[in-house]
Structures are given as C-alpha cells and as structure tokens.
Amino acid sequence: MRTSTTASTDTEDISAVGLPPEVGAWLREHVPGERVVLSQYADLHGPGHFGDVWVIATERLLLALRLDSDGLKCQARIPLREVDQLQLREFVGNGRLDVVRDGATEALARFTKSLARDVEETAREFARLASEQRVEAGLPPAEVIGDVADRGAARCAVCGRVLSREGVCTQCMDRKQLAWRMLGFVRQYAWLAVLGLGLAGLATAVQLVRPVLSKIIIDDVIVGERWDLLGKIIAVLALLFAAGSALTYVRAYLLAWLGQRVVADVRLRTYRHLQQLAVGFYERRQTGQLMSRLTHDTSHIQDFVADYLQEIIVQSFTVIIILGIMFHFEPKLAVYTLVPVPLIVLTTTMVRSRVRRYYRSARRRMGGIHAVLADAIPGVRVVKAFAQEEREIERFDLRNEGYTQTSISAAQLRSAYMSAVAGLMGIGYLLVWYAGAKGVGAGTIQLGTLVMFTQYLWQLYGPIGAISRLYERFQFAATAAERVFEILDTEPEVDRTREQRSASGVQGAVRFEHIYFSYEDGAPVLYDVELDIAPGEMIGLVGRTGVGKTTIVNLVCRFYDPDRGTIYIDGHDLREYDLRSWRSQIGMVLQEPFLFHGSIAENISYGKGEASEDEIIAAARAANAHDFVMGLPDAYDSQVGERGMRLSGGERQRISIARAILHNPRLLIFDEATSSVDTETEMLIQGAIQRLISGRTTFAIAHRLSTLRYANRIVVVEEGRIAEIGSHDELMARDGIYARLVTAQTQMSIHPAVMAEEENEGRGPGENGESEEEDEV
Amino acid sequence: MRSSAGVSAESASGSVPVLDPSEVRVRLKEDGQLELHLADSTVHTEVLVVPAFPISRPNRFVYFRDKEGNELGLLVDPKRLDRESREIVLAQADQAYFMPQITRILRVEERMGIAQWEVETDRGWSSFDVVSRSESVWFVGRNRVLIRDADGNRYLIADLTALDRRSRRLADLHL
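Here the protein sequences come in this chain order: D and R.
Mapping the first sequence onto my numbering, position 660 (from 1) lands on 660, and the numbers just tick up by one.
Mapping the second sequence onto my numbering, position 13 (from 1) lands on 790, and the numbers just tick up by one.
Hints listed in this document are in silico derivations from the structure and should not be mistaken for laboratory results.
Do not rely on the hints blindly, as some may be mistaken.
Beta-carbon label-pair distances, calculated as ranges [said to hold, decoys possible]: (1) R:Asp936 - D:Leu139: 53 to 61 angstroms; (2) D:Gly160 - R:Asn847: 35 to 43 angstroms; (3) R:Arg857 - D:Leu139: 41 to 49 angstroms; (4) R:Phe916 - D:Arg89: 25 to 33 angstroms; (5) D:Gly160 - R:Phe916: 30 to 38 angstroms; (6) D:Arg89 - R:Glu848: 17 to 25 angstroms; (7) D:Glu59 - R:Trp902: 30 to 38 angstroms.
Okay, the calculated bits of chain R under chain D, using three or more residues with CB under 8 angstroms as the criterion [stated by the list, open to error]: (8) 813 to 824; (9) 903 to 915; (10) 925 to 932.
We put the beta carbon where it would ideally sit given N, CA and C, even for glycine.
So that you can see chain D by itself, here it is in the shape it has in the complex:
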C-alpha cells in the first residue's frame, strides 16, 4: 500500500509511515519539530506527467511535496486550520485534490485512477484533522467536496494486486490447500484412485524392466553362450508384454472412469449450488463466465484428477527407476546421460512459456474473427443496405491475416523447440555411444549394458520434459478449481430469520416503510420510499429508466433485501415468510418474456408441474393465446425456446401471461409487458391482462402510459424517491410530472410517423397484427 495512516512520533522513523528518507530529510530541514500524522502518495505532477508527490499532514500543516529531477519541491504549504474545504474532482483517467481557503483554490495533488480510492479515504482523514484544529479556533469544520464514483479495479485484500477477471488473486491463492480440496472430490473413490495409481506405477515398472532383459540376452545368452536361458527369458518377456498391456488397459479405464465420475459430481454440486444462490450473485457475473465455470473449469479439475496425478506418479517413477538401473549397472555412463538434462529442462521452461504466449495470442485473434462474424452476419441487411461489403471483407481480412501470422510464428517457435530438444538429446546419445563403445573396446563395459543404456536414453528424456511442465499444468488446474470453489463457497440465499411463515393464503397487502436500498455501496437507488397498497389494487410505476422502478419490484420479489426499512406483507415482515413459499405467490410478465426450451404446453405449466390439459387450454384462452397456438402445425406441442419455433414478441408475451394465469399468484408484476408490440396485439394482451389482474395485487411498470389506464393508483418515481402518487385523474389535475409525461406522449401520438418509428421499429407501414407476426423475430 502506498498510503499510510499510521502516526509517527518522530521524523526519524519516517519510513515507518511509508515515506522515503529524502522526504524525512526535507521535513527535518524545513518544518523542524513537526510530527507527521498522515500521508498520501500521488502519482501525477501538475501538468500531467507521471511523478511522485506526497501529501503530508503534520500536526499543524498540510504539505504537498513533489519529487523533481533536482530534488523535492514544496508545491503547497497550508496551515490545517485554514483549510475550509478539500475538493476532490474526478476526470477520465485522473483526478485531483485541491484545497479551498478564503474562496481560492490551491492544487494539492493530481493522481491516476489507480489511487482515486485511496486519495478519497485519506482526504476524509485530512478533513478530520483540519476540523480538529478549526474547532479549537472556533471555525466551522472542514469538509470534503466531491467523491470518486469509479471505484477502480478489485484488488486482493492481502497483497493489493489486481484480481483476475474471475475475482481470484493469482498471487495469493493457496495452491496447497486447493490441491487438498481437489483431492477431497476424490475421497469417496479413494480406494479406486489408489488402485489406479498403483497400477500405473506397476505398468511403468513392467515396461522399464524390458531393457534389462535385453541386456541379459546379449551379455549372458549371446556373448556368454548360455542358450539354455533364452527360452526362459523370452517367456518372461512375453509375460511382461502381456501384463503390460493388461495393466495399461485396466489403469486407463479406471482412471478415465474416476476422472469422469469426479467431474460429474463437481458439476452437479456446482450447478445445484448455483441454483440456490441469490439473484445478486448473478448480477455481478456474466452468464458466459458462469457457464464456462461449469463446463470448462470443471474439466480442468478432471484433468487434475485423472491425468495429472497419474503423470506425476508415472513420470517420476520412470525417471527414478531408469536412473536407479543406470547407476546400478554403470555409474559413469549414467552421468553422461544426464549431461543434456539441465539444458532440456531450461529450454522447455523457457520456450514453453513463449510458445504459450503465441498460442494465447492466436486464440485471442480467433476470438477477434468470431467477433467480426458475429457482427457482420446477423447485421448483413445493414451491411448490404449501406453497400459496405468491401469494408466488412477488409475488416475480416485484417483479423484473418493477424491470426495467421501469429499461428505461423507459434508453429515456427514450436518447431525450433522440437528440433532444439532433439539436438540436445543427441548430445547425450553421442556421449553414451562414444564412452560406451570405448568402454566395450577396453572391456570395462559389457555390450548388453551399452545397448540397454541406449534404450533407456530415449525413455528418460521424455518424462524429464513432461516433469518440467507439470507445475504449469498444476497452475491451470488450481486456477480453475479456485473459480469453482468461489461458487461453492458463496452462501446460498437463506432466510436469516427463525420464523418461517407460509405465504399460502396471503391477501396481498404490501407496505413499504422507509425503504432505502443500493446495489453497491455508495450508489443509493431508493431513498425513504413509503407505499401502502391494498390487496387487489393495481399500481402503475412510472418514471424514466434507472430511477428505481424495477428495484421496487425486485424488493417485493425479495431478490434483494432493503438496506434500511421494512416491507410488510399482510402486516408481517416479508423476511418472516418462507422465501420459496412467498415467491410461489408471485407471477411475472416481463418485457422480454423468457420461454424455456420445450413445448408450449410445458412453458404454460412451468410454475405448476402437474397441470391438466384442460387447465392449460383454459389459461391459454384467458391469455388470448389459444387461437394462434391452434394455428401452429404442432399446436400445444410446438417446440419453442432458444432452438425451437420462432414466435413473435406478442405471442411470447401471451404465453407468459398464460403461464402467470395458470400459476394463479396473489401478486402480479408486469414489467413493460406491452412496450414492444403493435397496437392490435397490445389490445389482445391488454384483454388478457385484464382477466389476469382481477382481484390480484398488481405492479405494472410502463413507459407507455396508455397501458396504465386500469391502474387504481399511479406512482411516479424520480431519482429513487416517490414524486407523485394518485389516480390518473388526480395526477392530471395536479399538473405535475405525470401530467407532463401524458401530454408529451399524446403529442407524439399526433404524429403517426414518430409513433410508428418509436414502437414498431423496422416495420413497414400497413403491416399489422397477427398475420405478420411470424416474420417479426
């Protein structure tokens, strides 16, 4: 950390508060006797150049020291008690801290975004110190004006490094502990794992004995002319081959089974856990990322369990056995084989990381090609309409070339690596043959031993390369595991209260009492919201985007709990209700209705598993969906969703209304349910909605105010507060925000062209309703 808030008793131990010695020297010289209370580092010089600045509060002074090429310069020296305000301003890529005294502003320091958060915190401390002095002198306390909205990157709480995209500190994660946790997944199959690894070790040993036997054939049988041994040795060899293949099969099968089993467990456990997590967890993460954790990251764990452990055992076994045999028979020759080993290890570790860089870059560039395609192919109408085919081709060509160049570079480096390693292995080969042949000639080494050595030579170098890559592979598995554990370690959304009230049979009276809420600290979304809604009442929520309408609804669904205040349902704190029981009383119809992959019937009965066909049809009829469903070739069994039948927005909307009708909730939420359909469809939907809302407490969020004509009361939300509340007529009479909105929308509808553009984007005139809807999506 470059900030310090520790007090120092003496300028002597200035480094204890994070200040360099030259600053201490300067302070001793220029402000002798002043004790450093607090300091803050800043990283920009006045005109926008990177450089060191320290803002220091002593007992009575606020100083800003700048390190120039010719030493420290004091760029501000202000008595603390004269500080009226500290002004914090934020710009793109930088910010500044100024002091206001006597109405004039003096610059203290500029800093990059990386320090913004620290500077803000320290500025508040500076203001506190100044206030202490000022209060003594009978002056009003100093205050901090402005704040830092952009909080900067998430950093590791321990080492201060930037966290990876997955929120993992790659420096601090405890790899040893992760390895143990990964092994924990294997625990219930422990004996199988031990068996598999044991077999792997045995198979290796069996394979490695063969050259010893060939040595015996050459030295004892051929040279020593003990032909009687030949049959026995061949038999042993045959047995070894047979045992080797049997062991290999059993081991491979066992470990593959184990790997798949373990990863299937991990996936299921992670998915089960994901389903129990609160909505907030999902909001902070991208869908693709979470999906990749379940598919991609878990497969890294499989790699660890099935492959990695086995590799460690097999490879180190191989190296140890071979070296053991070599040193047993001919220590001098064994030393020669080891000569290229350090070089192979070095080349591998060095080149591998570079090759990896190229491959990573190539993968990225492939991603770039995908991005161009994902743009241009769905947007082909626009491309053609603007006659920009050539431009798109050029864009593609640029990426295509880039990818090819990187891939070629990677291949080149890889080829160079392979040939280098082959060459290095050649050194060992030459040494062994040279020294070995001389030894055989001199009679100190047996011919069979030499042949055995040459056989082992090739088997030795491979595993050494593999071992030098093991750590890198472990890194991958550990990072993947960390991401999976992050999910598993997140607390599921649980009710924190003891009492679990069942929500079945609630009337639907909703009361907000002094509700405050923010999604992130420091960015409040709702302030002191008060609402009292009678059972069966329909409330229209009106306001610009981002004022907090959806947040109100989210709180009712208990996707989040308010920061302050209480929501009462039928007079009981919402938190007392069993969460699942409460949610089952809520029906939702969203702007972009979500249909799951499956049939229309399954989608309608989604919230109620065992609905009868009668009920499904009745719900569809009530939702004005029956007619168009029956017009489809497969009627209620038509497959919809991501890969199924394409339905128009209005049709999907009505299916989701049918779903809500069948679900029969006490409380309904409409989020812009009719905003993306044409007028005729809107009427059909409105009719369906009328049938649905009767007798249920309803929240309807709408931009198009005409959809709220049946609302009992309308709530106008502005800047997180309720600005107006009342019936349509009351609010019109009041001539406030709502009245202005209505007037604006009426004026717009006078100009049909504007209207059409607003609401039926992309449609030609004259097209309407049902008959054209099939083409819409």
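With the hints as your guide, set chain R onto chain D.
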C-alpha cells in the same frame, strides 16, 4: 474521423453555437474555475471542457459545458485561440481526458489472464495491469489503439506501425 462532404461543423453542433476562436476568450480564475467570454460579451463561469473525440481527435472538437451540463458552445480548433486561452483549453482538455501516449513498450508479462504492462509514455514511465483484454483494448482505426487498465486509466498507442521493433512485437502478442 473522416469529414464527409456537405456536413459542416455548423450542422454537427445542432442548436449549440460554433464558437469563432478569434472572438472567444477563456480565463482561469483564482478559485480554479474556468470562465468563458463569448463574442456577445456574455460570461459563463464554472465552465467545463469536454472533448468530443478524445481518442481519435484529442485536440479538436471541444465542447464547453456549464455546471448543469448544458452545452455552451463548440470549439472546432482550439489551436486558433489566443495564446493564453489556447493553453488553458488544451490543459483542461488534457485533464478532462488524461491519456498518456505509449512511445515504447518495455515489458508485458501475462499471468493467468492478467497482463502487466511496463511502458514509456510521453508523460513518463508507467506500469499498469490489464485484466480483461477483450473489453480493455479498443482499436480506433487500423493502427490506433486505446488500452484501458484495470483501474480505468487510459493509454494510447497513436500508431502501431511507428513503434520500434521490440515494442511492436510485444504489442502484436498482447493486443
């Protein structure tokens, strides 16, 4: 970036006046606030300078806004202001959008998806972390690249082809 025929700065400004650099003066007051003196001798205080194309045209098309965010005028080419005004406007634009230009790439090390860059810029030596490459690197045209670091600081490579060989190779690998 290209200005197409028939579209003048006049129409680009909408209802906001295009300011004539020879008739506009900008002053920095003692309290650090900016004062804009227009040709019709109206004076706006607490004025902010907002570049419209901060990456592709950092020193042109600068808007003046008041404290409430209302646009007061567009200055197409601040270089044609009188000397004092020009220096103030360019310094303010630079502060509003701080974007050091990378002149040399010294080192890039990538570990587990976090790239640590060490660079020389026109504002001195700097090092920064890039976490999500796909969201942090913007190509503006063919050879102009903006890199946003994990904290939201911005770094510009004005022309990839103008870099030295080693920097070029590092840029190729990591962008």
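Results for each hint:
| no. | hint | result |
| --- | --- | --- |
| 1 | R:Asp936 - D:Leu139: 53 to 61 angstroms | holds, 54 angstroms |
| 2 | D:Gly160 - R:Asn847: 35 to 43 angstroms | holds, 41 angstroms |
| 3 | R:Arg857 - D:Leu139: 41 to 49 angstroms | holds, 47 angstroms |
| 4 | R:Phe916 - D:Arg89: 25 to 33 angstroms | holds, 30 angstroms |
| 5 | D:Gly160 - R:Phe916: 30 to 38 angstroms | holds, 31 angstroms |
| 6 | D:Arg89 - R:Glu848: 17 to 25 angstroms | holds, 20 angstroms |
| 7 | D:Glu59 - R:Trp902: 30 to 38 angstroms | holds, 35 angstroms |
| 8 | 813 to 824 | violated (count 0) |
| 9 | 903 to 915 | holds (count 7) |
| 10 | 925 to 932 | holds (count 6) |
Hint check: a violation occurs at hint 8 only; the rest are consistent with the structure.
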